[in-house]
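K.L.:
Next come the chains, spelled out residue by residue.
Protein chains: 2
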Amino acid sequence: MFILTLLFLGLNEGELKMSEDKPENPSKSDQVVFIGNKPFMNYVTGVVMQFTTQGANEVVVKARGRFISRAVDVVEVARNRFLEGQVDLKAPEGIKVGSEEFENKEGKQIRVSFVEITLVKK
Amino acid sequence: MFILTLLFLGLNEGELKMSEDKPENPSKSDQVVFIGNKPFMNYVTGVVMQFTTQGANEVVVKARGRFISRAVDVVEVARNRFLEGQVDLKAPEGIKVGSEEFENKEGKQIRVSFVEITLVKK
Numbered sequence: 004m005f006i007l008t009l010l011f012l013g014l015n016e017g018e019l020k021m022s023e024d025k026p027e028n029p030s031k032s033d034q035v036v037f038i039g040n041k042p043f044m045n046y047v048t049g050v051v052m053q054f055t056t057q058g059a060n061e062v063v064v065k066a067r068g069r070f071i072s073r074a075v076d077v078v079e080v081a082r083n084r085f086l087e088g089q090v091d092l093k094a095p096e097g098i099k100v101g102s103e104e105f106e107n108k109e110g111k112q113i114r115v116s117f118v119e120i121t122l123v124k125k
Numbered sequence: 004m005f006i007l008t009l010l011f012l013g014l015n016e017g018e019l020k021m022s023e024d025k026p027e028n029p030s031k032s033d034q035v036v037f038i039g040n041k042p043f044m045n046y047v048t049g050v051v052m053q054f055t056t057q058g059a060n061e062v063v064v065k066a067r068g069r070f071i072s073r074a075v076d077v078v079e080v081a082r083n084r085f086l087e088g089q090v091d092l093k094a095p096e097g098i099k100v101g102s103e104e105f106e107n108k109e110g111k112q113i114r115v116s117f118v119e120i121t122l123v124k125k
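From first to last, the protein sequence lines stand for chains H and B.
So the number in the numbering used here is just where the residue sits in the first sequence, counting from 1, plus 3.
So the number in the numbering used here is just where the residue sits in the second sequence, counting from 1, plus 3.
The reader is advised that the hints may include incorrect statements.
[To be verified] Quick list of in silico lysine-lysine cross-link-like pairs, DSS-like style, CA-CA up to 30 Å:
1. LYS125(B) x LYS124(H)
2. LYS65(H) x LYS125(H)
3. LYS65(B) x LYS125(H)
4. LYS65(H) x LYS65(B)
5. LYS99(H) x LYS111(H)
6. LYS41(H) x LYS125(H)
7. LYS111(B) x LYS41(B)
8. LYS65(H) x LYS125(B)
9. LYS41(H) x LYS93(B)
10. LYS93(H) x LYS125(B)
11. LYS93(B) x LYS99(H)
12. LYS108(B) x LYS65(B)
13. LYS65(B) x LYS99(H)
14. LYS65(B) x LYS93(H)
15. LYS65(H) x LYS108(B)
16. LYS93(B) x LYS125(H)
17. LYS99(H) x LYS124(H)
18. LYS41(B) x LYS99(B)
19. LYS124(B) x LYS65(B)
20. LYS124(B) x LYS41(H)
21. LYS65(H) x LYS111(H)
22. LYS41(B) x LYS99(H)
23. LYS124(H) x LYS41(H)
24. LYS125(H) x LYS93(H)
25. LYS65(H) x LYS124(B)
26. LYS125(H) x LYS99(B)
27. LYS108(H) x LYS65(H)
28. LYS41(H) x LYS111(B)
29. LYS125(B) x LYS99(B)
30. LYS99(B) x LYS124(H)
31. LYS125(B) x LYS99(H)
32. LYS99(B) x LYS99(H)
33. LYS111(B) x LYS124(B)
34. LYS108(B) x LYS41(B)
35. LYS65(B) x LYS41(H)
36. LYS93(B) x LYS93(H)
37. LYS93(H) x LYS124(B)
[Claimed, not checked] To give an idea of the chain B side of the interface with chain H (calculated C-beta under 10 Å), a few residues:
38. MET44
39. ALA74
40. GLU79
Since the hints were derived computationally from the structure, they do not count as laboratory data.
Glycine included, every Cβ here is placed at the ideal spot set by N, Cα and C.
Taking the hints into account, I'd like the entire structure generated from these sequences.
P.N.:
Here's what the structure looks like:
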């Protein structure tokens, strides 16, 4: 029971973080889920709950570097298993790729790729 | 010198493989580069050479599972560094994501995500 509670809190925490991403936007049509190295299902649940309990019309799944593969997995599991028939990839151009340069701690220029995948309610 | 030759052969080998992907298609407008775990630059060179020495108008970079992140990196390095101003992501819908189910050696159903990114000559 304790573990279950922790699990639940963990998910809520992730969810709060996602909502905080755009605090200036009170509408629920522009939610963002950043993919990192938390347990895989946290992100799937995050996406699913945005649509089901938070009333989002659009959810953007973002990831950088090696988490890009994971972002695609999250999107695929969410839309094919948990939200089957309820959401679509936004068309056209629901998927963006690009890269950003930034300076790391050692002062070296680093280039990192990113992906942004937008799901919309049908 | 020997190592350089090997390197060169290695690249040629990769390139041949790519061309063999659609042996029934004699046109050069539909080349495919599959991303795997060879050295990163092999794939970048593969993409660049399709456009520069093979005269391709379109190159599709495909990857599955954990190689998806790598595919995005290959595309970004090819188009921003080596082919700057020469190629674009195909628009709209130059990027596809999806998933396939198949049976692994143990008879278990496995789902794997894939990505297909299409670059076109400007």
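K.L.:
For each hint, tell me whether it holds in the structure or not.
P.N.:
Against the structure, the hints:
1. LYS125(B) x LYS124(H): violated, 34 Å
2. LYS65(H) x LYS125(H): holds, 21 Å
3. LYS65(B) x LYS125(H): holds, 28 Å
4. LYS65(H) x LYS65(B): holds, 20 Å
5. LYS99(H) x LYS111(H): At roughly 26 Å apart (the allowed maximum being 30 Å), LYS111(H) and LYS99(H) satisfy the hint.
6. LYS41(H) x LYS125(H): The hint holds at about 28 Å.
7. LYS111(B) x LYS41(B): holds, 27 Å
8. LYS65(H) x LYS125(B): holds, 28 Å
9. LYS41(H) x LYS93(B): With Cα atoms ~33 Å apart, LYS41(H) and LYS93(B) exceed 30 Å; violated.
10. LYS93(H) x LYS125(B): holds, 25 Å
11. LYS93(B) x LYS99(H): holds, 11 Å
12. LYS108(B) x LYS65(B): Roughly 23 Å separates the two Cα atoms, so the pair holds.
13. LYS65(B) x LYS99(H): With Cα atoms ~16 Å apart, LYS65(B) and LYS99(H) stay inside 30 Å; holds.
14. LYS65(B) x LYS93(H): holds, 21 Å
15. LYS65(H) x LYS108(B): violated, 33 Å
16. LYS93(B) x LYS125(H): holds, 25 Å
17. LYS99(H) x LYS124(H): Within the cut-off at roughly 19 Å; holds.
18. LYS41(B) x LYS99(B): Holds, at roughly 23 Å.
19. LYS124(B) x LYS65(B): Answer holds: LYS124(B) to LYS65(B) is near 18 Å, not above 30 Å.
20. LYS124(B) x LYS41(H): Distance ~39 Å between LYS124(B) and LYS41(H) Cα, so the pair is violated.
21. LYS65(H) x LYS111(H): Roughly 24 Å between the alpha carbons, so the hint for LYS65(H) and LYS111(H) holds.
22. LYS41(B) x LYS99(H): holds, 25 Å
23. LYS124(H) x LYS41(H): Roughly 25 Å between the alpha carbons, so the hint for LYS124(H) and LYS41(H) holds.
24. LYS125(H) x LYS93(H): Roughly 10 Å between the alpha carbons, so the hint for LYS125(H) and LYS93(H) holds.
25. LYS65(H) x LYS124(B): holds, 27 Å
26. LYS125(H) x LYS99(B): With a Cα-Cα distance of about 19 Å, the restraint between LYS125(H) and LYS99(B) holds, given a limit of 30 Å.
27. LYS108(H) x LYS65(H): Within the cut-off at roughly 23 Å; holds.
28. LYS41(H) x LYS111(B): holds, 26 Å
29. LYS125(B) x LYS99(B): The hint holds at about 20 Å.
30. LYS99(B) x LYS124(H): Holds, at roughly 19 Å.
31. LYS125(B) x LYS99(H): holds, 19 Å
32. LYS99(B) x LYS99(H): holds, 10 Å
33. LYS111(B) x LYS124(B): violated, 42 Å
34. LYS108(B) x LYS41(B): Judged against 30 Å, a Cα distance of about 23 Å means the pair holds.
35. LYS65(B) x LYS41(H): holds, 27 Å
36. LYS93(B) x LYS93(H): With Cα atoms ~16 Å apart, LYS93(B) and LYS93(H) stay inside 30 Å; holds.
37. LYS93(H) x LYS124(B): holds, 25 Å
38. MET44: violated, 14 Å
39. ALA74: holds, 9 Å
40. GLU79: holds, 4 Å
Comparing the model with each earlier hint shows violations of hints 1, 9, 15, 20, 33, 38; every other hint is respected.
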